[in-house]
Amino acid sequence: MTAYVLRRLWQMIPTLAGVILLIFFLFNWVGGDPAQVLAGKISNPEQIANIRKQLGVDEPFWFQLWVFVKQVFTFDFGRSWSTNEEVSRILLTRVGPTLTIMVPVLVIETVLAVLFAIMVAYVRGSLTDRTIMIVCTTAMSISFLVYIIFFQWLFGFKLGIFPVQGWSESFTKNLVTYAPLPIMLAIFVGLAPQLRLYRSFFLEEVNQDYVRTARAKGLPEKKVLLKHVLRNAMIPILTNIGIYLPSVFVGSFLLEVFFSIPGLGREIITAVNRSDFPVIKAVTVYLAMLTMIINLLVDVMYKFVDPRVSFK
Amino acid sequence: MSAILTEKNSIPPPWQESPGLWTLAWRRLLNDRVGVVALVVVVAFISMMLASYAGLIAKNWSKEVGVSYANPVFMAGAENLEARAVTNRDFGTQAAPVDLSDVDPLAPRYKEWDERAAKISVTETRRSETLAFGGDKWGRDVLQKVIKGSEVSIFVGLTAAILATLIGTILGALAGYWGGKVNDFLEWFYNIFTSIPYILLILAFAAVFKKGLDTIIFILAFTGWTGIYRLVRAEYIKHGAREYVKAAQAIGASHMSRMFVHILPNASHVILVQLSQHVVGFIKAEVILSFLGLGVPVDMVSWGTMLAEAQNELVIGKWWQLFAAGASMAVLVTAFSLLTDSLRDALDPKLK
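Protein chains in written order, with this note's numbering: chain C, 1 to 312; chain D, 1 to 352.
One should not assume that every hint holds.
[As the list claims (entries may be wrong)] Under the rule of at most 20 Å between Cα atoms (straight-line distance), these lysine to aspartate or glutamate pairs were calculated in the EDC-like manner: (1) D:111 <-> D:129; (2) C:227 <-> C:204; (3) C:158 <-> D:299; (4) C:227 <-> C:209; (5) C:158 <-> D:99; (6) D:59 <-> D:299.
It should be emphasised that the hints constitute simulated quantities derived from the structure, not laboratory data.
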């Protein structure tokens, strides 16, 4: 297994190099002259030249690329262009609120989706099954924006059960007061597509030979589903969670914007609006790295879920 | 006469032309009731968009025809505090004019200006209290805004999806057909794009490009081709080894011909379903990007910008803009999703 992990890590190098090149190309080439952005509307050539020198944009491009690579590996992206806050500090302080929202969402949503999907798979083909699927399809077609606007208005403004928006310094207060509404919303919206997907995973397994064998030897349907089908369906479910996991760190940026949660997602939107390139560059590179590592972890986890998997 | 006809019909034709994949698929789609309804809805939306683009309907969407937040006709009696507030501010609280004529240097010319102003005819338009589906803050007709907004949203969704499919298909065909170095290079490219979370990739692109309609199409297409690429590549790998391709090679068909004349039609069902699926995804994405202010410019209206306005309107009880934009989008997206499912069933070559 060590050999497998090492080989996979080795294979990540070209991809990471590609990500660095892509981001460098986007922000240092396509992005235009950052000095123009920074100096603002009222600026003279002297000021612009000064800023260019400060940022090192007047250096040749290979030197800039080298600086960028150094930044990636020393975790030092300098300071934000708009707030002058250290980029590493921005990332570290913003990740907490995002995870406060997203970790409960991920856990509750997955448990509920798997549970409901098994129940729907149990009554597959029935009127209940079809009704639930139609409701899911319709629910999925309504924009996330509409849900947020409506539920924030309903629970926050009209009924006043939760605060409309806000965030505090204390973790428990956040979790108890400010987080429940966004968490509920994210689960509510995320459940329909996941339920549909997981149901299809279960139904695929239900048609396999081993299920017929299990039934033939007289196992009750519930036991077939919970013991045999669930374990086998865990493999595609795990893959799906693995795909979903990296975006947990970006958070649901829409929720963060609406509920003014000081998380990474909102930070990225702000950075995009302010052309704050260092922040976007740092977030993109590190999330790409994280994604690659998560993919590797998921592949390793297959081994524990499915003993047939062997590392080659 | 009828005798001849029956006689003719009784002779079986020497051979019967068997229907092709597309004819069969079309027949299956017509038999699928849900699919037909979905198709009709989608075609209706696209015709609405084209009519709006041609200026046949919703041409005057930006005219301020009603009072601020005019009520929808079905709730004409409802109180509209916002419109009254505007009226009061404009006409109710004007103080009596103070006579300044002895100190005002412009005083001698007022009469002349008044005369000149009187010559210009001013028609006072009366703003209506109610509009078909209510009005927005400036008294624009929400119904017309929804139609005009569909233009941007559907246009972006369709063009971006077509572009993404084109990129994905060409790259997938190259990788799957040639294999080897070409495949390695394109796989590397694919890995780069997929290792960055999708939404972050879109935002990174949005950060460096200027805002505008063409930009948003370009961004969605350039970040959204990966799924199509992967599927088309798999199809090409599968078909590349088939006998009919070998036979085509034997009769001297060029690489281009084998790739795009022989294999492409056999992968086209996958591509079509992907195209349809991506339209849905991109319409949703456009709405969100426009909402965040990264999409269409301010002088245009899209469902996303309408939802952005609707957020504040809901608090003062004006729900119609939210409902109009949200519902029309939901109907279109549902229809498109159902159509995609029906297409997938209809185009499955294993079914007969």
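Worksheet entry | Hint numbers not upheld by this structure, sorted from lowest to highest | Of the numbered hints, 1, 3 and 5 do not hold.
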